[in-house]
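Asker: Protein chains in written order, with the working numbering: chain Z, 6 to 636; chain D, 289 to 611; chain H, 997 to 1252.
Some clues are possibly wrong.
Below 25 angstroms or equal to it, Euclidean Cα-Cα: the simulated BS3-like pairs (lysine-lysine) are [what the hints assert, rightly or not]:
id: 1; chain 1: D; residue 1: Lys567; chain 2: Z; residue 2: Lys434
id: 2; chain 1: H; residue 1: Lys1246; chain 2: D; residue 2: Lys607
id: 3; chain 1: H; residue 1: Lys1048; chain 2: D; residue 2: Lys549
id: 4; chain 1: H; residue 1: Lys1048; chain 2: D; residue 2: Lys474
id: 5; chain 1: Z; residue 1: Lys251; chain 2: H; residue 2: Lys1180
id: 6; chain 1: Z; residue 1: Lys385; chain 2: D; residue 2: Lys577
id: 7; chain 1: H; residue 1: Lys1046; chain 2: D; residue 2: Lys549
id: 8; chain 1: D; residue 1: Lys549; chain 2: D; residue 2: Lys567
id: 9; chain 1: D; residue 1: Lys474; chain 2: H; residue 2: Lys1244
id: 10; chain 1: D; residue 1: Lys567; chain 2: H; residue 2: Lys1180
id: 11; chain 1: D; residue 1: Lys577; chain 2: H; residue 2: Lys1244
id: 12; chain 1: D; residue 1: Lys348; chain 2: Z; residue 2: Lys381
Read the hints as simulated data drawn from the structure, not as lab findings.
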Amino acid sequence: MILLSVTLAEPQHFSLWEKLLLAALVIASASLFWRRFGTVLDKILQSKKDADFSLSPLGRRVWDFVWEVICQAKVIRQRPLPGLAHAFVFWGFCAFVLVTLNHFATGFGIGFLNPGGAIGRCYFYLAAAFALACAVGILGLFVRRFFVRPRWLGQKLSYESGFIALLIFVLMVTYLASFSVADKSPAAGALWWIHTLALLIFLPIIPHTKHLHLVLSPATVFLSRGGFSRIPPLAGDEDFGLVTGKDLTRLVSLQAYSCVECGRCTEHCPAANTGKLLNPKEIILGLRNYLNEYGPASDQPLLGKYIAQEAVFQCTSCGACEFQCPVGIEHVPIIVGLRRGAVNTGAWEDDHGGKLFLALERGSNALGMSAAERDKFIQKQELPIFDGTQEYCLWLGCMGGYDPKGREIVADFARVMNYLGTTYGVLRKEKCTGDPVRRLGNDLVFQQLAEANLEALAQNKVKKIVSICPHCVRTIQEDWKEYGTPPEVEHHSEFLARHLSQLPPVQSEEKIVYHDPCYLGRYRNVYEEPRKTVERAGELVEAPRSHERSFCCGAGGGLAFLGEETGERVSHVRAEELAGTGAATVGTACPFCNSMFRDAFSEKGDGAPQLLDIAQLTARSLPPAESGSGG
Amino acid sequence: MTGVWIVLEQREGSIGRISWEALAAGQQLAAQLNLTANAVLIGSQTESLAAEVAARASGKVVRVEHPLLAAYTADGFSLALEQFFRADAPDYVVFPHTYQVRDYAPALAARLGQVLIGDVTGIGEGPVFTRQLLQGRLNGSYRHPGSGPCFISVQSGAFRAEPVAPDAAEVSVFTPVLDAAQIRTKPGTPFRDSAQTVDLGSASLIVSVGRGIKDAENLPLVQDLATALGAELAASRPICDNGWLPMERQVGSSGQTVSPKLYVAVGISGAIQHLVGMKGSQCVVAINKDPDAPIFEVADYGIVGDLFDVVPALTEAVKAAKQ
Amino acid sequence: MKIIVAIKQVPERDAQVRINAAGKWIEETDLQWAMNESDAYALEEALQLKEKGGGEVVVVSAGPERVGSTIREALAKGADRAIHIDCDDLAQRDALSVARLLAEAIKPESPDLVLTGLQSDDLGYGQTGVILAALLELPHASLLLHVEQTSTGLHVKRELEEGWFQNIELPTPAVLTIQSGGSKLRYATLMGIKRAKTKEVRRVTPAELGVPPSAVVVLDRIAQPQKQKSTQILPGSPKEAAAALVEKLKFEVRVL
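Chain Z on its own, in the form it takes in the complex:
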């Protein structure tokens, strides 16, 4: 009750001079803010329009906005403690919008919230609660930045961040202190002015620092392309991807200015974690620096002063950065855009990359094998040829068709389908879906492959595809859309999960650690289906990093086909992590992950865990195939 009798103290009414001074200060602060913010806004608006941008589906945008911005769900979920601290600061700011407006209005004698009135009192109490949480939050963040110092915040201490934290802290403390002083007392006046000055200093700092995200990121989240890692189509005959400033679109520029430098992307990046040059944060900041120096109309190449070509081609396109980003930056389309710029103009020269492109220009698969090898495998395995009567087209992919290990996976998956009585067939001729060239930015070869495959599928009247490769699934379903309408496609984990009840039960205590492939998890949001198959086959063990935080195997983004990595091998780091769980078996759901780990484990010799795809885990409990049953 005592507490309720306390009210927010207001200063005495100001003289005209004081009001004029206040007005002058407000105008100065606002114009300092605008001088920078207006420039930034100009650069964003002068950038090229995003050709494929559409506000619909609006519902999804609103939902993302509510969930990610208002609820701060992503921020909290991925870094619970600092996330919560940040959320308190954010919610504090939201609560303070009204308080701040009233604060300045009071200065001019036109306050609209009466601290004595019921509504005002309630609101100020509410704001006080938020202020307390915000003060604690900002203090926590300050301690983290200056004393805990996680390495992804960068080597250099950001004193501006410290200063901002101080300002926020002062804002909250002066607000809270105003409850403890007498109304219209000199102390109340002093607190009012300190609060005001803190605000007026804070305002122009916003657009000059990473705190620009306060203003931009709600828009960035709301306007994001939608869909995870969606690569936009090229627009017109002169669009080759991100080559110069002229190719930067509004969304890209907006995202570049929205980066809050929190380093979540860096923290989760497989390249940055294994000693490569690539740091996704630096790519975004590189774009920002480029825009600051040259602007969006420049002919200067984007790769050069601020962004290194080498870094751009170290990305596995695992999407961990994009998934983690709290302000809606879409790193993968930007990195792929920069690669497109380099590859579509021929600027990228790389022995292995060149070989891959030539293999796919001339041949059918990324491995550069003869298509006859695939035919031999189909014959040997007695896989039925798709003739339009079967339910599924079993898409082999390069790994399923040519990799000895991938073939085992296909064979076992075929056994499961045979057991279930599911009808399926493989295409006589199949080309690479174009996944590696798509991610490496070779639009010419990608288009050729997508069109040839779409035509073959249409000719064969394929309605449903099932594939053991998440890369194929993703590319067929999303990336081919640019060139036609692909058939329905699913990953074998989804198929298996649906049919598990029809398979004989298994009693096993074998510990199996499941590795989430990037293109199945983050890209397709399929986490539980493969786990169900693992749980049927043994005891599921989770890796330290799993589900949407899973760590890449190193193969994606075309990197399986590029040469030796610098620094540590991504595959080895992940393989160690999986082996470290003590599980006897590593369960995979992607033939690329499988081959990367196989390579990594081959050095361990006999001590390595066994490596099995979920199809193999499922098939091993089946009775031996009857002869002539195909597969």
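Since chain Z is already given, all that's left is putting chains D and H on it; use the hints.
Answerer: Just chains D and H, lined up with the frame of chain Z:
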């Protein structure tokens, strides 16, 4: 001057096996058509070689002899032989299908309004000449229905160079009219690229070792086989990762891509990363104790067994065969 | 330097070939086509020479309508213009007759250099370049891995058997045939393909060139080779297996 004429190739004062094979092919063709088989030696100072040829030939042996033919040039050889064959048109001219022949025989044939049937692997009734098409995927049969001499070159190893009963062939000399100005190219001395850097990409024989070798200490076993064969030593990735062999000897997707005539995979299971690097090999031999190892899928010849037994035995057998 | 590159379109390496009804050639419908590999290296060599010394690269290719795609690919990789010898009678011509077509198309261009691949991946004659030199009365060198322009002409590196090489000096104009693998091929780019659309492709017919089809040698019949590649497991003790393998290496693989 009718009949079959075989043009023999000499290199550094000796006649290679493929020329003897061409001689055999020409003699076979002559026998089939009831023609005489004669030999041509082109160059400068070929007396002793001619004697060697005469000992194995049955018809005439002609030395097309000129100082300007001492070193091979396409201009010199085609001019000289054009004059020789214009003097009296032969029915058939048979060459060994060597790099040298590929360089001048088509031009020589063209000068005479003819077309060489190159890289012949078999001669049938007619005669019909068989050669490979589409890189060995198909065989084609060729005929020469027109008039004038028919030029063919025979593939190395396609005909057995069996000695024929010598028939005291007579040796004569033909001296073409050549002028130095007619020879427009200046050939340098043949050389080998310095062997200091490993260039697996151009190696024609490779012995490659994988995890089956178990320990770096066992590497000499495989090195011995490579030495016996005259092959380069290569390895799969784990071997190089362990530092047992330098990275430049790694064959595979992250290392070298090779296309030798012979690739011997010792203790290599055949992961896709490795297969990608050696798929261009003409002949693959796999030695592995696991009969299910995927390397056997791509191998032409396989030995299922412990490499520690098989490799020394193979090294001995190769040494014995080379003596 | 004005460089002409003669390019052939051949069935794609992975294409499944079937013998046609007449048994004289393969069924060409439904076949995928690509630039002959060593011709691609010849083009690469030409583009590199142009990048170093300036000049013009003109591609010439003989064949029916479909050859257009290979010509566009060459233009996309950087050739300046093209001559398409529009003919569908290649099957009735032997190497000499095809070389005559090319020679007649090339003559009016009076190039400094004519490059072509060592041999085609389909017929594999390996003669067109050498015959072309004879018809154009130009010096030639074949099986080249490297070409360099010098003050007096050309310095080339020729491949010989068994790891031997030879350097040759020759004057220009000249005809050179290029071996695969001497340089690194550039990949085709989207930008290249788009730019290629505006480049000149001149069409000529054999009649305009005055070269009717002719053949002194004819391809009579084609057939599948009898034995298909399969793995032969050599049985027996290590010693027996080793002996059996050495036999194979000596007489079948012929590397001993």
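Asker: Hint by hint, say whether it matches the structure.
Answerer: Hints and how they fare:
no. : hint                   : verdict
1   : D:Lys567 <-> Z:Lys434  : 20 angstroms, holds
2   : H:Lys1246 <-> D:Lys607 : 12 angstroms, holds
3   : H:Lys1048 <-> D:Lys549 : 35 angstroms, violated
4   : H:Lys1048 <-> D:Lys474 : 24 angstroms, holds
5   : Z:Lys251 <-> H:Lys1180 : 32 angstroms, violated
6   : Z:Lys385 <-> D:Lys577  : 22 angstroms, holds
7   : H:Lys1046 <-> D:Lys549 : 34 angstroms, violated
8   : D:Lys549 <-> D:Lys567  : 11 angstroms, holds
9   : D:Lys474 <-> H:Lys1244 : 41 angstroms, violated
10  : D:Lys567 <-> H:Lys1180 : 19 angstroms, holds
11  : D:Lys577 <-> H:Lys1244 : 21 angstroms, holds
12  : D:Lys348 <-> Z:Lys381  : 52 angstroms, violated
Checked against the numbered hints given earlier, this structure breaks hints 3, 5, 7, 9, 12; the rest are met.
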